[in-house]
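> What follows is each chain in one-letter form.
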Amino acid sequence: MLQISCPWCGPRDEIEFRCGGQSHIIRPGPPEEIDDATWGRYLSEKTNPRGDHLERWLHAAGCRRWFNVARDTATHRIRAVYHMIEAAPAIDDEGSAR
Amino acid sequence: MKMRYSAWTVFKQGLGGQRGWKPAWRSPDPKPDYEVVVIGGGGHGLATAYYLARTYGIRRVAVLEKGWIGGGNSGRNTTAIRSNYYYRASARMYEHSLKLYERLSKELNYNVMFSQRGMISLAHSPHDVELAHRQAGAMRLNGVDADFLTPAEIARRVPILDMSPEARFPVFGGLLQKRAGTARHDAVVWGYARAADALGVDIIQNCEVTGFRRGADGAVTGVETSRGPIATTRIGVAVAGHSSRLAEMAGFRLPITSYALQAFVSEPLKPVLDTVILSPATGVYMSQSDKGGLVIGGGLDLYPSYAQRGNMPVIRNVLGAVAAQYPALGRVRLLRQWAGIVDVVPDSSPIIGASPVPGLFLDCGWGTGGFKAIPVGGTMLAHQLATLTPHELAEPFSLERFTTGALIDEAAGSGIAH
Ligand SMILES: Cc1cc2nc3c(=O)[nH]c(=O)nc-3n(C[C@H](O)[C@H](O)[C@H](O)COP(=O)(O)OP(=O)(O)OC[C@H]3O[C@@H](n4cnc5c(N)ncnc54)[C@H](O)[C@@H]3O)c2cc1C
Ligand SMILES: [Zn+2]
Chain A
1 MLQISCPWCG PRDEIEFRCG GQSHIIRPGP PEEIDDATWG RYLSEKTNPR
51 GDHLERWLHA AGCRRWFNVA RDTATHRIRA VYHMIEAAPA IDDEGSAR
Chain B
1 MKMRYSAWTV FKQGLGGQRG WKPAWRSPDP KPDYEVVVIG GGGHGLATAY
51 YLARTYGIRR VAVLEKGWIG GGNSGRNTTA IRSNYYYRAS ARMYEHSLKL
101 YERLSKELNY NVMFSQRGMI SLAHSPHDVE LAHRQAGAMR LNGVDADFLT
151 PAEIARRVPI LDMSPEARFP VFGGLLQKRA GTARHDAVVW GYARAADALG
201 VDIIQNCEVT GFRRGADGAV TGVETSRGPI ATTRIGVAVA GHSSRLAEMA
251 GFRLPITSYA LQAFVSEPLK PVLDTVILSP ATGVYMSQSD KGGLVIGGGL
301 DLYPSYAQRG NMPVIRNVLG AVAAQYPALG RVRLLRQWAG IVDVVPDSSP
351 IIGASPVPGL FLDCGWGTGG FKAIPVGGTM LAHQLATLTP HELAEPFSLE
401 RFTTGALIDE AAGSGIAH
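Keeping their order, the protein sequence lines are chains A and B.
Sequence positions in the first sequence follow the UniProt record's numbering and run 1 to 98.
Sequence positions in the second sequence follow the UniProt record's numbering and run 1 to 418.
Treat the hints with care, as some may be off.
[To be verified] If you want a taste of the chain A side facing chain B, the calculated C-beta under 8 Å gives, among others:
1) M1
2) S23
3) A37
4) G40
5) Y42
6) S44
7) K46
8) T47
9) N48
10) D52
11) H53
12) H59
13) T73
14) A80
If you're looking for bench data, these hints aren't it; they were derived computationally from the structure.
Note that beta-carbon positions come from the ideal geometry of N, C-alpha and C, so glycine has one too.
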């Protein structure tokens, strides 16, 4: 069972949250210059790595705000929790967020 | 010479103290090159190799498996086989698979224990009843058997189900597919392996693919493996939850997210359930194996994962729903719990056919439901690899649909949750 530290509410049980998948997705543009293939990739392709994953989470049963989590998909270890508008933290060789 | 299995061989081996059985397939070393390389020794990979050899006469085929065959999802699933889909494209494909299952034991000379015990999807509200009728109509229009069951019929068929009006999940009816059922999952894998091997296919276990070799034009020229490089110009990828990792090695991305899906088996009981039963309201389904264990499955875990274990909240939801719906099972103990990694696609339909890399072809995205599709998955990927054109049944399921927008949204159509 994961314990996730909501930036606003503090540590809570994982069942209060919903994972919204990959974060930091950049919308391609300007729209009139985007071909269908690029647009299709933007809409559907996922990074889906085994290991470090930067993802959006929603504190659904709490403050209902979105934030970012850096999490390892193989160990489930959470390396960082940060705000939606923050840049992704660097991960050092030991696997901790800097 | 391959041993032919029959009642007589079983009898004869019994007299000889069971000492005369031969290994069912060889364990060859990899050759330097093959006409076709199939990555993934699950049901889909092995069925692909079998149909390549049997239907298209291509016998210089290797199946590369990083662990042991059937060690992935094909040996970890809850064995439900059905074709109760909504869209015509899905119905045709899954029904084709079900028909192949109906004669698979005979075709492979291997008892896959396909048992057409039927599958009931329960309706827990008048609204669910409407949807069940719509689903039955769609199935019949597509030539798939479907019946609507009244609460009285369900009570007779599934006596352990709580049918009382004050039940936590009251039952208003159900949708039955009579020809649905279960098969022994290992036997499906082993049956295809034995039959492919007999046709000359090399099944190479403990051989992990770690990279792709590409020519100047970008087309594949071979694979890197933990047992050295192997040259080939045609590669089929059937690695279930690890498809994104193989795509990454080849330099492209897929519309796939990997999740853990759990399953549970109880201690053996006397016969209490003679069908597969599903509650769309809780996502929980159950059948009883021939050994007596209740085989139980539920929804996906809550977040993307490559950890083959599974998280506690889902265990609680699944077992809580079982205890609520089947009060008599409340004290039954579980023997085992496990998880497999499944490849989930936004429209809950598989991806079959060409990839962005020439010579590399995909059979993936089956998510939580690809065991039932093993015969048709193998048929479609073999056709693609042999003829370099998509199988007729596979055309709607190309990767291109995520660009054209022609999604086949079975999550909305048949209400499968993922
Ligand atoms: C708990 C659970 C319950 C399920 N219940 C059902 C059900 O009731 N009905 C149903 O129809 N479906 C069900 N499924 C889904 C079904 O099991 C899968 O869709 C199906 O088994 C996929 O078959 P496959 O051959 O594609 O993959 P797998 O059987 O997973 O085989 C893929 C193989 O590829 C290998 N591999 C991966 N990477 C590499 C590499 N780099 N090099 C070499 N080999 C590699 C793996 O080791 C694995 O053996 C369930 C799945 C799970 C996890
Ligand atoms: Zn919060």
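> Work down the list of hints and note, for each, if the structure agrees.
Quick rundown of the hints versus the structure:
1. For M1/A, the shortest C-beta to C-beta distance to chain B is roughly 5 Å, which falls under 8 Å, so the interface hint holds.
2. At about 12 Å, the closest approach between the beta carbon of S23/A and any beta carbon in chain B exceeds 8 Å, and the interface hint on this residue is violated.
3. Because the closest C-beta pair between A37/A and chain B is about 5 Å apart, less than 8 Å, the hint holds.
4. The interface hint given for G40/A holds, since its Cβ lies 3 Å from the closest Cβ of chain B, which is under the 8 Å cut-off.
5. About 10 Å separates the beta-carbon of Y42/A from the nearest beta-carbon of chain B, more than 8 Å, and the hint is not met.
6. Interface restraint check: S44/A against chain B, minimum CB-CB distance 4 Å, threshold 8 Å, status holds.
7. Interface restraint check for K46/A: the shortest CB-CB distance to chain B comes to about 5 Å, inside 8 Å, so the restraint holds.
8. The beta carbon of T47/A is positioned within 8 Å of a beta carbon in chain B (closest approach about 7 Å), and the interface hint is therefore held.
9. Because the smallest distance between the Cβ of N48/A and any Cβ of chain B comes to about 4 Å, under 8 Å, the interface hint for this residue holds.
10. The interface hint given for D52/A is broken, as the beta carbon of that residue sits about 12 Å from the closest beta carbon of chain B, more than 8 Å.
11. Interface hint status for H53/A: upheld, as the beta-carbon distance to the closest one in chain B is roughly 6 Å, under 8 Å.
12. At a threshold of 8 Å, the smallest CB-CB gap from H59/A to chain B is about 13 Å, leaving the interface hint violated.
13. Checking T73/A against chain B: minimum C-beta separation of about 5 Å stays under 8 Å; hint holds.
14. Because the smallest distance between the Cβ of A80/A and any Cβ of chain B comes to about 16 Å, over 8 Å, the interface hint for this residue is violated.
The structure is inconsistent with the numbered hints 2, 5, 10, 12, 14, although it conforms to all the rest.
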